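Participant: With the sequences and hints as input, model every part of the structure.
One letter stands for each residue in the lines below.
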Amino acid sequence: MINGRRHVFEQPLHADVALVKAHLADRWGNLVYHSAARNFGPVMATAARLAVVQVSAFVELGSLDPEAVVTPGIFVDRVVVA
Amino acid sequence: MINGRRHVFEQPLHADVALVKAHLADRWGNLVYHSAARNFGPVMATAARLAVVQVSAFVELGSLDPEAVVTPGIFVDRVVVA
Amino acid sequence: MNLSKRQMAARVAQDIPDGSYVNLGIGLPTLVADVVPPGREIVYHSENGILGMGPAPEPGTGDPELINAGKQPVTLLPGGAYFHHTDAFVMMRGGHIDITVLGAFQVGEGGDLANWATDDATMPPAVGGAMDLAVGARRVLVMTTHTTKDGRPKLLPACTFPLTAAAVVDRVYTDLAVIDVTPDGFVVREMVDGITREELQARTAATLHFGVEP
Amino acid sequence: MNLSKRQMAARVAQDIPDGSYVNLGIGLPTLVADVVPPGREIVYHSENGILGMGPAPEPGTGDPELINAGKQPVTLLPGGAYFHHTDAFVMMRGGHIDITVLGAFQVGEGGDLANWATDDATMPPAVGGAMDLAVGARRVLVMTTHTTKDGRPKLLPACTFPLTAAAVVDRVYTDLAVIDVTPDGFVVREMVDGITREELQARTAATLHFGVEP
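Residue numbers (the numbering used here), protein chains in the order written: chain A, 26 to 107; chain B, 26 to 107; chain C, 11 to 224; chain D, 11 to 224.
Since the hints were made in silico from the structure, they are not lab data.
Take every hint as true, because none was put in to throw you off.
Label-pair ranges, simulated between beta-carbon atoms:
| no. | chain 1 | residue 1 | chain 2 | residue 2 | range |
| --- | --- | --- | --- | --- | --- |
| 1 | A | Q79 | D | G80 | 35 to 45 Å |
| 2 | B | Q36 | D | Q82 | 29 to 39 Å |
| 3 | D | K81 | B | A82 | 23 to 33 Å |
| 4 | D | P172 | B | D41 | 25 to 35 Å |
Just so you know, these numbers come straight off a predicted model, no measurement behind them.
Every residue gets a Cβ at the ideal spot worked out from N, C-alpha and C, and that includes glycine.
Facilitator: Shown next, in the form of structure tokens:
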């Protein structure tokens, strides 16, 4: 019960590994996505023990706009360009 | 208890009104912030019945990068340029 | 006599005010966007992370990653924004969506909605964002044929299929009628030409009341 | 004999490996960033929504909105990013911060930390992100003077002030010693020149053990 309304309490799910597709990454693992492909990646990256990300290109550190980074690199463990 | 570890369950807090400072807004109420001023605004805007936002400038609809909007306009009720 | 899908969609669209935030469920409800009266600015939400969704792109010009929750190619209007799954559901659960239009397998006269699983083992259940929309949207409109293909009623005293949500439906639009869910049960507000009250009742398992819109 | 604040910070900095994600608590711990050995790339997190925080700007050149959790002006390194409060706390609570360095009013020999409220009614309690950091960071380092200004011990059998978190502290750096929290209690790893074990014990309420680093 929260504020007098019934709610279901869902236990959080953790993943051992998340495989995420993003658009661009830099050396720290900061990610930006492309349009609706943003859907699950940013969320799963935060919830997995190991986040492995496929990106279309790797860019110079500092070239992603710090205001527009969607997944900060702290959530990213491995980046693969493909 | 979640995964065998004790947790405190905090009841969610709702605000009647949130007063938020952002950087730019468009006619739909989409917002971008400036550096660390992003801290509380995006979160409180989602949790308040009425979100009133002060911005430094109002921009044309479509001129904010849809990939970089931080607070989508659906969370924003009033915008004041000041 | 029966409304076509497009006519049903047009009837729903009449009831969507200018400036609404709207989520259209997968399937039949997506037709609504095509028939909204000109001049109304509706902001469409898709639970896969889009606000300000525009119509389908011209063939061959679409962005393969710009799709709606039903995996159909869409476009983004000026003012649109992308966000992730959790933010999409914050909008739904937090009561920020003005109107959702959902399909239904069954609707109970108390406003219960069943639209994700049947008793047919060959149809895999699929819930998507329907539970969160049904509970979170300020107004829940259901758009469905009045009966199943084999003629069984969908408007029942109580749903027999697993519920999507309890006591959430505000209004039902079928190919035969527009019906409100009220404290007194189903109240028919409009009927198509060429059908009688008795004929409509015969295709409905719950008791129908008839009244003009308050 | 006693280390200066800067010397204490330098000792802490020795133990921060290259490539770590680090959150430095408000006050004394912020000094650590100034004395990290050159060549180490440390990514500093601030719970007000910054990752990749750089040193204080040249006087007069700062961005008034680019401040750390202690409201001091900072800069952003290439590769840095901004995010909101909730995401900042997801990083902390989710175990993504490798090391946090926190101040303390008291540390219990079981690793309990008290650093947000005292029994002094004239000092308003202030918790900030300390509870989430203390519980969430993979390694919790405490940096504090060995005793209070009026000579009372801060390392105790059990804290008497309200706890920030229970059984979380890994290592304590004081102006007199480096002390690990172990299953056997406090184990002194290093002492400053000019102090004896007895003198150190005399300034400590909990029993000290002495051992070389494993």
